[in-house]
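Asker: Residues per chain are reported as follows:
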Amino acid sequence: DAMVIQNPRYQVTQFGKPVTLSCSQTLNHNVMYWYQQKSSQAPKLLFHYYDKDFNNEADTPDNFQSRRPNTSFCFLDIRSPGLGDAAMYLCATSNRGGNAEAFFGQGTRLTVV
Amino acid sequence: AQTVTQSQPEMSVQEAETVTLSCTYDTSESDYYLFWYKQPPSRQMILVIRQEAYKQQNATENRFSVNFQKAAKSFSLKISDSQLGDAAMYFCAYRRTTGGFKTIFGAGTRLFVKA
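Top to bottom, those sequences are chains A and B. When the count follows the working numbering, it moves up by one through the first sequence with no breaks and lands on 113 for the last residue. When the count follows the working numbering, it moves up by one through the second sequence with no breaks and lands on 228 for the last residue.
No lab work stands behind these hints: they were computed from the structure. As the structure is a prediction and not an experimental result, all values here were calculated from the model. Please note: incorrect hints may appear among the correct ones.
Taking lysine to aspartate or glutamate pairs in the EDC-like style, the calculated list, with each CA pair at most 16 Å apart, reads [said to hold, decoys possible]: (1) B/Lys227 - B/Glu123; (2) B/Lys215 - A/Asp85; (3) B/Lys183 - B/Asp139; (4) A/Lys44 - A/Glu57; (5) B/Lys186 - A/Asp53; (6) B/Lys215 - B/Glu123; (7) B/Lys183 - B/Glu123; (8) B/Lys215 - A/Asp77; (9) B/Lys186 - A/Glu101; (10) A/Lys17 - A/Glu101; (11) B/Lys186 - B/Glu142; (12) B/Lys186 - B/Asp199; (13) B/Lys227 - B/Asp199; (14) B/Lys183 - A/Asp85.
If you want the footprint, here are the derived chain B segments under chain A, 3+ residues with CB under 8 Å [unchecked claim]: (15) 124-133; (16) 170-183; (17) 188-200.
According to the in silico footprint, chain B covers these stretches of chain A (three or more CB under 8 Å from chain B) [as the list claims (entries may be wrong)]: (18) 70-82; (19) 85-96.
Note that CB positions come from ideal geometry on N, CA and C, so glycine has one too.
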């Protein structure tokens with residue numbers, strides 16, 4: 001089945017140690033998103049790509065970076081994780097047109113120790 | 114800037130009964146999409162129902178229907194014949210049709226279903 005896959009499902013990292021979360025999709029969607037979701041709160045958009053066009057949210061900390069080497073893959077890099085960065089990170093995709101629905105991965109739960 | 118507001122942090126419904134979740138939004142756009150997403154505990158978020166703003170007819174998907182009031186910027190979700198599997202966080206979301214692809218979420222409503 002076509003889907004959005006996030007790896008790993010659970011990630012433990014040390015305070016200040018760089019960490020990378022990955023997302024892949026088989027839907028061939030133009031748009032890929034990274035959201036941060038804390039403890040039953042609304043997903044907060046960090047950035048999104050339309051093809052290779054990167055769009056950063058104004059309030060996304062510089063500590064968060066992203067790469068999209070091709071249509072299928074997108075990475076979230078956290079350069080120096082702090083305790084406040086512990087959260088669920090959701091990757092999603094959508095098409096430019098069509099029904100505009102966002103398809104989500106299962107998320108990566110990041111713990112910072 | 115667009116905003117989405119869900120004023121009910123939690124709701125509870127008896128199995129087989131009907132519940133309505135509220136959502137209001139703010140935008141200066143005339144055309145846009147509205148969504149309700151469901152996020153079960155420890156499971157991925159999935160689309161429940163979708164509404165295009167230019168369509169006056171309210172969307173319906175089986176037991177799920179919306180009451181879309183464009184002038185009031187209101188978009189409520191009605192769940193009929195509630196089932197135990199409906200227990201989840203429900204997020205109302207907004208996306209413009211042109212000029213960007215951001216999907217903005219409300220704070221969510223946690224729905225409990227009592228047997």
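Asker: Each hint needs a verdict: does it hold in this structure or not?
Answerer: Now the hints, each set against the structure:
Distance check on the hinted pair: lysine 227 of chain B and glutamate 123 of chain B sit about 13 Å apart at the alpha-carbon level, within 16 Å; holds. A threshold of 16 Å between alpha carbons decides the hint, and for lysine 215 of chain B with aspartate 85 of chain A the separation of about 22 Å lies outside it, so the pair is violated. A hinted pair counts as satisfied when its Cα atoms are at most 16 Å apart, and lysine 183 of chain B with aspartate 139 of chain B qualifies at roughly 10 Å. For the hint linking lysine 44 of chain A to glutamate 57 of chain A, the alpha-carbon distance of about 10 Å falls within 16 Å, and the restraint holds.
About 31 Å separates the Cα atoms of lysine 186 of chain B and aspartate 53 of chain A, which puts this hinted pair outside 16 Å; it is violated. Straight-line distance between C-alpha atoms of lysine 215 of chain B and glutamate 123 of chain B comes to about 26 Å, which puts the hinted pair past the 16 Å bound. In summary, the hint linking lysine 183 of chain B to glutamate 123 of chain B is not supported, as the alpha carbons are separated by about 25 Å, beyond the 16 Å threshold. A C-alpha spacing of about 20 Å is found between lysine 215 of chain B and aspartate 77 of chain A, which places the hinted pair above 16 Å, so the restraint is violated.
Pair hint lysine 186 of chain B plus glutamate 101 of chain A does not hold up; C-alpha atoms about 20 Å apart against a cutoff of 16 Å. Distance restraint check for lysine 17 of chain A and glutamate 101 of chain A: the Cα-Cα separation of roughly 35 Å exceeds the 16 Å cut-off, and the hinted pair is therefore not satisfied. The straight-line distance between the Cα atoms of lysine 186 of chain B and glutamate 142 of chain B is roughly 11 Å, inside the 16 Å bound, and the hint therefore holds. Restraint check: the Cα-Cα separation between lysine 186 of chain B and aspartate 199 of chain B comes to about 25 Å, which exceeds 16 Å; the hinted pair is violated.
Proximity of lysine 227 of chain B to aspartate 199 of chain B is assessed by CA-CA distance (about 10 Å); at most 16 Å being required, the pair is judged to hold. Using a Cα cut-off of 16 Å, the hinted pair lysine 183 of chain B and aspartate 85 of chain A is violated, with the two alpha carbons roughly 37 Å apart. Coverage of a stretch by a chain is defined here by at least three residues with a beta carbon nearer than 8 Å to that chain's beta carbons; for the segment 124-133 of chain B and chain A the count is 0, and the condition is violated. Residues of the segment 170-183 of chain B lying with their CB closer than 8 Å to a CB of chain A number 0, which falls below the three-residue condition for coverage.
As drawn, the segment 188-200 of chain B meets chain A at 0 residues by the rule of a beta-carbon pair under 8 Å; below three, the given contact is violated. As drawn, the segment 70-82 of chain A meets chain B at 0 residues by the rule of a beta-carbon pair under 8 Å; below three, the given contact is violated. With 4 residues having a beta carbon nearer than 8 Å to a beta carbon of chain B, the segment 85-96 of chain A meets the requirement of three or more and the stated coverage holds.
Of the numbered hints stated above, those contradicted by the structure are hints 2, 5, 6, 7, 8, 9, 10, 12, 14, 15, 16, 17 and 18, listed in ascending order.
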